[in-house]
Each structure stands twice: as C-alpha cells, then as structure tokens.
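Novice: Throw the hints in and build the complete structure from the sequences for me.
Take a look at the letters that make up each chain.
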Amino acid sequence: MATENKVNKKKVSTYKIVQIVLGVLFGGYIVWRLYQILIANPVYGPDTWLRFAIAGIILGSVYALVAIGYTLVYGILHMINFAHGDIMMIGAFGGYFVFEALKNISTPTVADPKLNFLNAHPIVSVILAFVVGVSVAALSGYFLERIAYRPLRNAPRLVPLISAIGASIFLENAAMLMFGAQRRDFTNPVVLTRGNGWEIPVGGGTVILTYTGVLTFVLSIVILVLLYLLVQRTRMGRAMRAVAENKNVAALMGINVDGIISQTFILSGGLAGAAGVMWGIHLGLVYYFLGFIPGIKAFTSAVLGGIGNLPGAMLGGLFLGGVESLGPAVLGIDFQLKDVLAFGILVLVLIFRPTGILGEVLSEEKV
Amino acid sequence: MKTQIKSSLNAGITFGIVSLFLYLIGFTTTASQIIQNLFKLKPASIVLGMDSLVFSFSLFIGLIGVWAGVNQARSQKGQPFGTVLMSATLTGLTHGLIVALVAYITGSLNASGVKMNTYLSQLLPASVKLFLFNQTSVLGALSQLAFLTLTALLGGAVTYGLTVSNVFGKLADAWHSLWKQVNSVPAVARFRASPYFSSVMYGLLLLVMLLVPLRVGQYWNYTLGTVGIYVLLGLGLNIVVGLAGLLNLGYVAFFAIGAYTVALLTSPAPHGLVWNFWLVLPLGILAATLVGVLLVVPVLRMRGDYLAIVTLGFGEIIRILSKSDALTWLTGGPKGVNNVGGPVLFGWVFNDVGYLYLIFLSVLLAIFVTRRLQNSRVGRAWESMREDETVSRAMGINILRHKVLAFAIGAAFAGLGGVLFAARNQFTGPEDHNMMVSINVLSAVIVGGMGSIPGVIAGAFVLKGLPEILRELENYRVLAFATLLVVMMLVRPAGILPASRRKFEHEKGRAVPGEEGAK
Amino acid sequence: MKIALETRGVVKQFGGLVAVNSVDLVVPENSIFSVIGPNGAGKTTFYNCITGFYTPEKGDVLFFGESILGLSPDQITYRGIARTYQNIRLFSTMSAIENIMVGEHSRLNANWAEAIIRTPRMVKEEKAAVEEARRLLNFVGLTGLGDQAARNLPYGAQRRLEIARALASRPKLLLLDEPTAGMNPNETAEMVDFVHRLRDELGIAILLIEHDMRMVMGVSDRIAVLDYGEKIAEGSPSEIQNNPRVIEAYLGKPMSEYEA
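Protein chains in written order, with the working numbering: chain A, 1 to 367; chain B, 1 to 519; chain C, 1 to 260.
Hints in this document: simulated from the structure, not taken from any laboratory. Only a predicted model underlies this, so the values are computations on that prediction, with no experimental measurement involved. Backbone N, C-alpha and C define an ideal beta-carbon position, used for all residues, glycine too. Treat the hints with care, since some could be wrong.
[Stated by the list, open to error] Covered stretches of chain B, going by a simulated chain A footprint (3 or more residues, C-beta under 8 Å):
no.	region
1	115–125
2	222–233
3	307–314
4	320–332
5	467–478
Specialist: Written out as structure tokens, the structure reads:
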C-alpha cells in the first residue's frame, strides 16, 4: 500500500469562473470610468470630489455606529436584529424631543430677551439630547430582546427572524401613530445650524466642513474607540466574547448568559440611539420610517466588514458611506439610484467574499 | 406573599403601559367610536346618565381593567379567595395609578391650552377629555383610578368563581361529547370515512366559488379578488418559505415583474404595444420565473439570513428602478402605467365577475400544483432542506437545484399574481410594489401556518379580508399585523392551521402490510 | 474479494491544525471496519473527507476502485455511500416514513414536471417507494411507528430510523458514527447484533466510528486507531487490544479498563 502524496488542486468550479468574469468586467468598468472622469473628461473639480468624500465619511461614521449594533447582536445570538434601524429612529425622536423641550424654556438675557435654553447652552443641550436619545434607545433595545427574542432563544432559525421583522414593523407603526406620519424638522441650536462650518479653499472653490458633520464624525470615532476598549479590556467585554464563543461553556464558567445578552442589546441599542441623534442633528429630519434604510445599509456595512467583527463593521460603514456618496459620480449613474448601489454592493460582496472584507470566518456549520 | 405582591405589581405595570400605549396611539378614542357604532348609539345621546361616547369609552377601558384582574387571578390559580382578590385588586390599583397619573398630566396640560397633538399627534383635545370621562383632570384621574381598581376586583372575583366551579372545563367537555355523539351516528361516520367525503366538500366549495361572484356585487368582488391574489402570492411564497425554508423578503419583486410585463406590453403608453392579454399572461409568468432564477443562483450559497436581506434589497431595487427618472422611458416612471389591457374571451370583455373567476381559477391551479409537488420526491427534498440542509445533501439531494426550483415556482406564482393584479386594476405603478406587499404576504403565510395550504388561505383572509370589514381600524391595521407576527412566533409558531402530515403507514382503505422483513 | 473503500494518504488541515494526517485504509466488501481513537483524534473529520463535505488537501479516496475525490456529497451518495450522525440528525418534523423516503431520493427519478402531471411512471415509483420505506421500517423494527414525527420517537428508535434512512439509498458502504452513543448495555448489545445483520443480510461494507470498546471489539472484523489525526495502529481486535501504542494513546491505561 504505497502512500501517495499527490497534492489535490482545488477544482475550478463554474462559480469561480463566474466570479472572475464578473470581477474583471466590474473592475475594468471602474478603471475605465475613473480614467474618463479624472483624466480624459473631468466633470467635477477637486472641490466637488472632496465634498463627496467628506459627506461619505460622515455618513459612513453613522453607518458604522449602527453596524456595530448588528455585529454585536449577531456575534452573540447569530440572528439579524431586524428592528435595529427602528431603535435608531427611537433615539432620533428622543433627541428631537429634548431639543423641542429646551427650545420652549426661555432664559432671557439683557442682550437677547428672546433667548431660549437651547441657544443659551448649546453644549449642555446637545449632551442632554444624546443622553436622552441613547437612554430611550438602550431601553427599547432591552425590552425588544426581553419581549420578542428571549422566549425564542432555542426556536428554529426562521422564527426569531420573523419575530424581529414583526417587531420592526411594530415600532415603525407605533411611532407613526404616536408622532404622526409627517417629517419633522430637527431644530438645532443656532451655532449648529446645518450647512454652516469651516470653509476650506480647494482648487478654485471652497469646501465647507460643517460643524454638524465634524460633531458627528468625531463623536462616532470616540464612541467606537470606547466601545472597542470596552469589549477588549473590561470584564463585561470578556464575558460578552465568551458568550459569543459558546453559550453553554460560558454558563458553566459562571457567566450570567441572559444578563450578558441583555447588556449586549442595551449597548447596541444605545449605539443606535447615538447614531439616531446624530442623524437628526446632521441631516435634520425625523420621521417614523427614518431607521429603515440606514438600518439596511448598516447591516450591509456589517456584512461588508465580516459580520461579528467589530473593526470590520467600522470599516464597512466608512466604506459604504464612501461608495454611496462617491459611487454615483464614479460609475456615472443617477444620484437617485444610490440606494440601488448600496444593495448592489451587498450582493456583490456576498458573491465574492461571503465572509466580508476582514473575513472573520463564521463557523461554517459543522458537518 | 412577597412574590404575589411582586407579580401583581408587574402585571399592573404591564397593563398600565399597554393602556397608555393605546391612549397614545389614539386607539382609546377609535375603540370608543366603534363600540358606539356597534350598539348603534347616537352621538351626544345620554346612556346611563353619561354621554354615549363616554359610556362606550368606559366600556372599553373597563374591559381592559377586567382583563387585568382576570389575568392576574388566573396566575394565582389554587390560591384562597382572599389572596386572589387582593392580588387582582393590587394589579388594578397599579394599573389605575399609572393611567390616572398620565390622564391627570395630559388633562392639566390640555386645560392650560398646550397643544400636545403637535408632538403626539393622537392627543387631540377631545381624546384627552374622553380619557378623563369628560371630567376635570383631577376628577377624571380619580375616576380612572377607582374604575380600573374596581373592574380588576370584579375580574378577579368572577375568575375565581369560574375557576372554582370549572365552568369552562365543563363546557368544553360537553362540546367534545356532543361532537363524539354526532360522529358516532352511523350515517355521519360512514359519510366522513367514505372516499366521497372530500369530493363532496370540494364540490360544495366549487359551487360557492361559482355563485358568489354573481351575487355579492362589485365592491365585494373587488375585495375577494384582492384576497384571491394574496392567496395566490401566499401559495407561491409558501413553497419558498414554508416548504423549502428560504426566507424571501423581496417577493414583491416578482409580483412587480409580472405586473409590469403585462402593463408595458398591453398598454398604449409608453410603448404602444397593445398585445393580446392571453399572449402576455404566460410571458409575465416566464419573465418573473427567469428573473427569480437569475437572482437566486449567485445568492443561494449564502446562509439563510443573508438571503433574507439580499432579497429585501432586491425588492427595493426593483421598486426604486421602476420609479427612477433614469428608467422612465421604459417603465413610465413614478406615475406608473395606465390603461393596462385586460382579457377578452370570445368577444366578452372581462368585468369584475370575469376577473374573479379568473383569479379563482388561478388559485385552484396553484393549490393543485402545490399539492402535487408537496407530496412528491421534490416536495420531500424541499422539506428535508428546510429541516437540515447538511443532512439533506448527504441524502443525495442536489441542494442548489432544489432551491432554484423552489424560487422559480414561487416567482412564477407571483408573476401570475402580478399579471392578474395589473390587468384587473388597469394600472400598475411603483407604489403597488412596495415592501409592505412582501411583508403582508409573508404574514399571511406565517399567520396561517407555514407549509399548509388551508393555512395560507386563512392567512390571506385574515390579513386582506378582515381589514376590509373593519374599515374603522384602517390606521391600526399594520400595527396589528406586526403584533400578530410577534405574538404568533411567541405562542404558536406553526400558525393557525398548521400543516398536517400525510399518513403513509395507515393510509385509508389499505391494509398494513405483513412483517415480511421483520426480525 | 473486492475493496469497497480505500483511502491513500488523506490529509486534511484547518489552518495550521492537521486534523487528518496521511491516513491509509482499506475496507473490503462485506466487512465491518472500525475506526477508534480518543476525542479529537480526527475521526469525524475523516468521515467528512470520505463523504465529500471536506476535500482533503492531499491523498485520494477510492470507492470500488474509482476516485471520488472532489465530488459533492450528493454525488457521493449516488455512488453508494450513506452515513449516520453522532448526534442524531433526523428531519425532526417529518414522519418516520417520510424520513426514509427522503433517504430514497437518490434512487428515484421523478422530477417536478412529472410530479405535477403525475405520470404513470411517477405514480408507480411513488408506490414502490412507500412500499420500500415500509419494508425498511420493518427491517429496523419500527413497525407501526411510521406516521410518528421523527422527533417524537424514543432515542433508540431514532438511532434505528437514522440507519433505515441511510439504508434507503441502497448503499454499498455504510458509515456509522458512534451508533451506540448514549445507549445502555442492553441496547448496545442489540445494536451489535443489528450491525451484524446489516452486513450478513444486506451484504454491505460498514465503516464504524465508536467509543464503546466492548462494541468495537465485539463487532469489528478489523480496527484502525487514530490519534492526533494519524493512524497509529491497524489490525484485528485482538491485535489492537495488545498494541502498546494504542494503550498509550488511551492515557496509558490498559485496554481492559475501557472494556469495563
């Protein structure tokens, strides 16, 4: 019995061929378009490109915050928290109501008898808005898990997913009935007026680095760093990772699994709440359906980065924000179709790299 | 004792939150109006010394109060009368306190002229006043407190009485024994066992389907037609989700493709192709099927939940594309396509009755196909895939091929539904194909019972038929579906009419074969 | 005597971990061959290499002389290899008979169009399939339980049903993964008889993974021992029992302690 040591070459499947063909076609098109718009026939100047890029990064940082929530929950329960985007909506409403309430408190001074609290103490107001927005969202996350997911912990896979879809529609419609279907203006303090900002001269034009945008971006990054430290360095983070790895073993080690799952939902809800308040401050509209599209895009970001992977979700969010704002210009398609582009990216990523960019290999079901 | 107090408080808080939620979404007012209509009370008339609307409201909030008491008393089964009563009262008290507090706050704000409905759109002055029984805020809040406590006490007492005397148990026994007796009558038993039983039942059903469209008038024909199309869509999605276990959230895309195919090929605008409906019908089905196959091939290697999101995204892509300016030349843009051509048979232009027959026929066809497939090698392969994909592969089942097949057949049903829908409405546009269609159909399948044909039909009636009957509840319809979805998953994930398994070993009219191979 | 299964230098790695390291096996037709080894020795991974769920990095798997390397699991089932699972994996909501009929899938031909039209051929095939399922149900001693949902069957019955489902594809080689896991001595003894019957009455080759030494020694014609993915011994039951390397692999204790 001779031991042959022939090395098995991976079989080239038709699927692989399709992948390669699609990749070459798509990559070729992008290179050609880039040549067209940058060198051969420049439509936009550098200022416009910079504007797109800035908008993309800001949007992306919000996606990243929401995406982290998906990834945290997915890492632990292996379920898509479909209602996550709606938790973001709740957070946005929380911030909105704080601003509205503070607007109605007048703090007259000699210089300005009509001054209200919102404009007199913008920093306190913004902090308050975040505190309230994050709290209500975190609370919603907690109750969402307790009511709609916990009883289904051991049910077949489809069951909690459907329950999550139901919860999502419930939250949207409850908000619509309570707060009305109209879009409401998110009134910022005057110093944070949307569109105002630092003007940077770039090649012939000026690019405005808006205050709201900078606030959004800086705050997201700070939160993301804090979160990373929380998960990597603290006792709670360790317990979370243990539960994500193996619930039964974690329970045997004396970890309160239910408690950790609740904490995860509180945490991810809080992040979505912060994202919601930022969304309101930066983009200026709140309404009941606000969370749906960002929710799906954040999920896309999480998948892009490799779902279950924290830095991946951050990168994925920034990447998607960039694609969404630069993509239509680069690919030469209508800006109306930017949502199509985001979904298209999702499909492409799942075809080429189902494990995402940073590719945390999720336990491909053990045979 | 301590645990009882805790559980009573918990229940009270839960009921408090539910009541407040109903208040905030304006349901208290709507429900009162419905009750008023139900008893045919004239507005502003006096009932039992109250305004009729206030009376209706008392009835509604009283029912919730009683429910709180009943619920708490039932959780205290086996406890002595005093404990049960105390527990129910405590629940009512907590419930009442929460409600009274909010009633007082909103009442005072309302009285001082604050327009709450700028922020909470349902808190119109009239609704707030109604919530206070049209009293001042102090008096109204106190009435709420007293009323909810008393009703809970009442509920608790009645429940205790009923549990002790076991009225419901006796009623159920009586019903069962009656059912048994009816079945033991030789003629009935023989009839139920005879092979003609199901044929007779189907015959009756067919007769009803033939006669109903002629009798009920245009409005109901339209409503029944919509329900029928949802049954058709439900049957298609049932194959994908219920049998093959693939969660498709973008099912509306195939519906849209069917609808747009018939619309663009038979309407004079935007393309001026006025083709014959009967020619376009199979084309619409074919187009939907083809797109279904093309979409699903790259996506099928993914885990199930990815599939859900990708299909959701795909559904949205189709809708966004159909209304985008870039494709207006092709699809007619946001305004949609008008004057969609309909079927003509031997010179008879289909009216509402004709469409309803056509829809019924399609539904029967879909049921036939589903049943045949379900009880075949293909159907078993689908179900095994749903149960355990890995093992299913090890059984020699080509997973990819069967997934594509399920998707294609599901898409074909949806395409047919889309063709019928667009032709009947003589119109199709982007908003006919929003995500709610997918969610509605999915709800119908799940509420009815995944994998079960009667379940899908029941589900479609519940989701599309009931709202037509309860017009006043229009605003709360979607909220109710959502609640239903979650509650269904929590208490009865198999649906109202769960799929029943076919019997093989003891088939009717077949002897059990001997033990030829036994040990 | 023909050779049913032959593996030549099969290697399977996960990242840096070598789960199966150049394992050679020859399983003759109509024999019972056991693979034993401590937990994590790579036995189940080895099974997955044979059934096509993993493709080995090196080596070859021959089934009746033909390489089945790189075939997908369903194609391998078509060739005539069937398996059961360590943790029973029945289609739990389907009835016992339906489970067996799913197992018959690879032998049946009716496609979706035939199923809708219900051609005479399809009707005949279905009828035969039901008959065959009933026969297998009797064969494994579950007569009368055919219409029960698989998850409602008692544990021992589920094990038998899983074997019936595997037999439904009329395999030439049956892979059993710890068929006596969780069974009491009585049930184990019955399973030993049953495995013998499988070979004697159906004339198929059986490859067995097992922890229970008594079972292995009683039932096997030949035994191979895996440790850390490598084959450290092969021989008849008595040879294995006295092999020093095997004893060492099992924590250095004499074999007799494991028999107890």
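Novice: Does each hint hold? Answer for all of them.
Specialist: The hints, checked one at a time:
no.	hint	in the structure
1	115–125	holds (count 4)
2	222–233	violated (count 0)
3	307–314	holds (count 6)
4	320–332	holds (count 5)
5	467–478	holds (count 3)
Consistency with the previously given hints fails for number 2 only.
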